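Chemist: Assemble the whole structure, with the sequences as input and the hints as a guide.
In the UniProt record's numbering, the protein residues as written are 1 to 357.
Think of the hints as simulated: they come from the structure by calculation, not from any bench.
Remember, it's a predicted structure, so these values are computed and weren't measured experimentally.
Where hints are given, some of them may not hold.
Unchecked claim - The calculated DSBU-like cross-link candidates involving lysine-lysine, where the alpha carbons are at most 30 Å apart (straight line), are:
id, residue 1, residue 2
1, LYS256, LYS331
2, LYS15, LYS176
3, LYS315, LYS176
4, LYS2, LYS176
5, LYS15, LYS56
6, LYS234, LYS8
7, LYS272, LYS234
8, LYS156, LYS8
9, LYS256, LYS8
10, LYS156, LYS2
11, LYS256, LYS333
12, LYS176, LYS205
13, LYS15, LYS3
14, LYS234, LYS315
15, LYS193, LYS333
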Amino acid sequence: MKKVITGKDIVRQLKADLIGKDSYRGVTLTYTWLANQFGHFSLGFIPTFVGYLVLKRHLPEQQASLYAALAVSLFWLTFEIFNFLGPLLSGKSRSSYIFQPAWGNIAFDTVTDLMYFWSGAFMASILCAYTTIAMAVLAVLTLLVLYPAYYWYLTKMYLQVPSYPFQFRLSQWSTKHIPEENIALVRRFLDNKEQGMHLFLFGPKRSGKTSLSVAIATEMSIRHRSAVYTSAMKLYCMFFEHDDDSAANVLWTWRKASILVIDDINPGDPIKEDIISPERFLSFVDTFSTNDINRTVLRQTNVIWVLGDDDASRKLSERWQDMLTGIGVEKEKLLSLNLQLYNEAPAKAEYDLRMQS
Numbered sequence: 001m002k003k004v005i006t007g008k009d010i011v012r013q014l015k016a017d018l019i020g021k022d023s024y025r026g027v028t029l030t031y032t033w034l035a036n037q038f039g040h041f042s043l044g045f046i047p048t049f050v051g052y053l054v055l056k057r058h059l060p061e062q063q064a065s066l067y068a069a070l071a072v073s074l075f076w077l078t079f080e081i082f083n084f085l086g087p088l089l090s091g092k093s094r095s096s097y098i099f100q101p102a103w104g105n106i107a108f109d110t111v112t113d114l115m116y117f118w119s120g121a122f123m124a125s126i127l128c129a130y131t132t133i134a135m136a137v138l139a140v141l142t143l144l145v146l147y148p149a150y151y152w153y154l155t156k157m158y159l160q161v162p163s164y165p166f167q168f169r170l171s172q173w174s175t176k177h178i179p180e181e182n183i184a185l186v187r188r189f190l191d192n193k194e195q196g197m198h199l200f201l202f203g204p205k206r207s208g209k210t211s212l213s214v215a216i217a218t219e220m221s222i223r224h225r226s227a228v229y230t231s232a233m234k235l236y237c238m239f240f241e242h243d244d245d246s247a248a249n250v251l252w253t254w255r256k257a258s259i260l261v262i263d264d265i266n267p268g269d270p271i272k273e274d275i276i277s278p279e280r281f282l283s284f285v286d287t288f289s290t291n292d293i294n295r296t297v298l299r300q301t302n303v304i305w306v307l308g309d310d311d312a313s314r315k316l317s318e319r320w321q322d323m324l325t326g327i328g329v330e331k332e333k334l335l336s337l338n339l340q341l342y343n344e345a346p347a348k349a350e351y352d353l354r355m356q357s
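Modeler: Below, the structure is given as structure tokens:
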């Protein structure tokens with residue numbers, strides 16, 4: 001049974017997030033999101049207050065407070081519409097992505113931002129000069145913002161548990177050239193509703209295989225699928241663990257995850273030899289004797305395998321696929337992508353000024 005987050009898990013996480021200082025435990029996703037939304041609230045509150053001070057010289061105080069809030073709200077609505085539709089309608093911007101951003105996520109985030117802009121504006125309006133209209137608008141906004149807050153908190157838990165090495169969306173991944181059929185292959189894995197799909201990523205150093213694996217898994221985490229990211233060396237030790245021994249402080253282990261990312265199985269170029277062969281990997285899965293539990297979990301989990309180089313002479317893809325079919329994985333659920341074939345220039349993370357989803 002794959003793990004999903006329950007109400008009990010959310011309460012447990014809230015206790016952990018509310019108690020403790022970020023100064024000694026590091027900046028968390030909770031802190032980042034709250035700081036971001038408080039910034040939006042402030043950008044609604046402060047301009048409304050300033051606008052009220054200007055308008056009250058010419059209008060009654062109640063009108064001045066209400067007009068200031070409306071003006072600030074309309075300004076941010078116009079700004080966000082332009083900010084959202086600009087990249088969406090720009091053919092040049094859309095064509096620059098190998099994988100299109102999740103525009104639905106961007107729209108949801110934009111509406112959430114507007115709610116906080118408007119909440120700040122109408123809170124300032126009430127404090128400057130109370131009106132029933134401003135109070136009614138603020139009450140409605142407060143109710144509406146509850147769902148985005150719940151959705152964000154649940155999503156951040158799905159993003160937090162896997163322990164990804166960095167935050168990275170699929171739209172940020174870039175390389176010089178990749179055929180449409182391989183883009184479709186990644187999409188097939190991403191949109192797969194069944195368990196037991198396996199994606200092999202081959203390529204040398206700087207081919208973008210790790211960043212692509214993290215990006216795919218991140219998208220699935222945002223869709224509220226339980227994931228685990230681990231290096232091969234750590235996973236070899238996990239094969240010997242029992243869930244009761246290791247699950248006390250985590251929501252799920254690799255055996256309960258819907259998606260498993262196994263990174264650094266083999267280094268790839270410039271190291272020509274493979275450190276781990278499919279046969280050696282299977283011996284670790286079996287913990288040196290046939291282990292039906294580990295085999296079953298591996299067979300029933302969506303797995304991204306980050307491997308080294310492959311070529312026609314070595315036939316690594318076929319060997320790894322043969323290993324999985326040997327433990328019962330269906331042949332049609334095995335996908336393979338060799339990034340070395342399209343690696344004219346190093347794949348990279350696009351941390352630029354473009355709007356990313």
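Chemist: So, for every hint listed, does it hold in this structure?
Modeler: Results of checking the hints against the structure:
At most 30 Å may separate the alpha-carbon atoms for a hinted pair to count; LYS256 and LYS331 meet this at roughly 23 Å. In summary, the hint linking LYS15 to LYS176 is not supported, as the alpha carbons are separated by about 46 Å, beyond the 30 Å threshold. A C-alpha spacing of about 25 Å is found between LYS315 and LYS176, which places the hinted pair at or below 30 Å, so the restraint holds. Under the criterion of a C-alpha separation no larger than 30 Å, the hint pairing LYS2 with LYS176 is inconsistent with the structure, at around 37 Å.
For the given pair, LYS15 sits about 45 Å from LYS56 by alpha-carbon distance, which is inconsistent with the 30 Å threshold. Among the hinted pairs, LYS234 with LYS8 is consistent with the structure: their alpha-carbon atoms are about 29 Å apart, no more than 30 Å. Between LYS272 and LYS234, the direct Cα distance comes to roughly 23 Å. Compliance with the 30 Å bound is thereby established for this hinted pair. In summary, the hint linking LYS156 to LYS8 is supported, as the alpha carbons are separated by about 16 Å, within the 30 Å threshold.
The suggested pairing of LYS256 with LYS8 holds, with an alpha-carbon distance near 17 Å, which does not exceed 30 Å. For a cut-off of 30 Å, the pair hint linking LYS156 to LYS2 stands: about 18 Å separates their Cα positions. Between LYS256 and LYS333 the alpha-carbon distance is near 20 Å, which keeps this suggested pair within the 30 Å criterion. For the hint pairing LYS176 with LYS205, the CA-to-CA distance comes to about 15 Å; that is within 30 Å, so the pair holds.
Between LYS15 and LYS3 the alpha-carbon distance is near 20 Å, which keeps this suggested pair within the 30 Å criterion. Simply put, LYS234 and LYS315 have alpha-carbon atoms about 26 Å apart, close enough for the 30 Å limit, and the pair holds. For the hint linking LYS193 to LYS333, the alpha-carbon distance of about 12 Å falls within 30 Å, and the restraint holds.
Hint compliance for this structure: hints 2, 4, 5 are not met, and every other hint is.
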